[in-house]
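J.: One-letter residues, chain by chain:
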Amino acid sequence: MTEPDLHGTDPRLLARFLDVDEVPRRLWPHEELGAILRHQIASSVQLDLETLGSPISIRLHALPPAQQPGKLTFGELFQRADPPLELLSLVKQFAKASRIRGESALPAEIATVIYLTSIVVARLRCGQRITEQSDEALLYGIQWVIDQPWVDGGTRALFRQALQLYK
Amino acid sequence: MAEERPDNDCSFPSTQWSLVDKAAAGDSVERQRALGDLLKRYLPALRAHLVVKKRIDRERAEDLLQGFVTNKVLEQGLIARADPDKGRFRALLVTSLNHYVIDVFRHQSGTPPAFSLGDSDHAQPTGDSGSPSDVFDVAWARELLGEVLLRMRTECEKSRRYDIWGIFETRILGPTLDNAATLPYEQLVRRFGFRSPTQAANALVTAKRMFTRILRGVVGEYAGEAAVDAEIRDLHQILARSSR
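Going line by line, the protein sequences match chains A and B. Counting from 1, one number per residue, gives the positions in the first sequence under our numbering. Counting from 1, one number per residue, gives the positions in the second sequence under our numbering.
Hints are not guaranteed to be accurate.
Per the computed footprint, the stretches of chain B lying under chain A, defined by three or more beta-carbons under 8 Å from a beta-carbon of chain A, are [unchecked claim]: (1) 50 to 59; (2) 88 to 100; (3) 182 to 194; (4) 197 to 210; (5) 223 to 236.
Think of the hints as simulated: they come from the structure by calculation, not from any bench. By construction, the Cβ of each residue, glycine as well, lies at the ideal position given by its N, Cα and C atoms.
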């Protein structure tokens, strides 16, 4: 841990620290979305769902043991041939809540990818709809994911598959 | 490193006491310690005031500061006269120093030094970029922020929350102060053991809250809790209109 030297710093920069909430957010620069998505996909479903607190956490713990995520990562869940539908639904809720939770949550782009992935996996692997969104809205979202340059190849392939379903 | 991290941890202790109160009252040991802390922290601002604004050479400024501390602060109990209702503690210090310096010059040479006796030069800075009338306040703010960062870092070290200081340093402090490159996300994750992006985001929010809490605590020590917001606003304005 190093100690910053403030003596040569422009006072106008120091002024920003007196209102630190106004300091531009630097946690999620756009060029890092790919790295953040990779990290999200490699993260524990259980850990993140418990992070968001009561309603999602209660539903998570109420799942039958066979549907509990255990050490499952988001990526592993999305790749399963028979993912638990309720768990996908909880992941969708997690992503939705993350979007509206402000800065102490996922970047909106990452939350959107996770949200749409849970929906398309439920449709592709379980044959179930877990959203009330129209096919037209979903199609728009699926195309948006495919178009993002920072989205990894595996996720893009999944969405291309989903695209056929909704066209 | 990847320890339990409560969400948006706000459990760090808050400093409630006022350093000025302790320096003014309290038992003698406590008073001496509080006074020492106050002076150590803000003497550089008073020194800058004498050297940069009043154009007194460094050696002479040191002598004057020593005399000021001995005669005004210690013997005449200047701190005990600090009253939040009668103006800012900063203004009390610098105005008292001005009076002291003028007295010294009068006694020694029979003529006052070439600067005004009035408080107005302190209370109503010209607002020019780099105006010397802001020198004291800018130096004060530097010492204040230095103290806040030191305490935050120490608190993070004591609680082993290296991730909190680390994310603050690499995502806010460095890039803002030094225009340093932001530590790439993957390195951030490796270095601090964040298990998910949500955890990293929570750490940043915790860091900002901790910084704000400590800032308010340090300001409250000399300004009094009721005047914290006004003092921060005032320092913000002074810094924002100044230049190096």
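J.: It remains to establish, for every hint, whether it holds in the given structure.
T.: Verification of the hints:
| no. | hint | verdict |
| --- | --- | --- |
| 1 | 50 to 59 | violated (count 0) |
| 2 | 88 to 100 | violated (count 0) |
| 3 | 182 to 194 | holds (count 6) |
| 4 | 197 to 210 | holds (count 9) |
| 5 | 223 to 236 | holds (count 3) |
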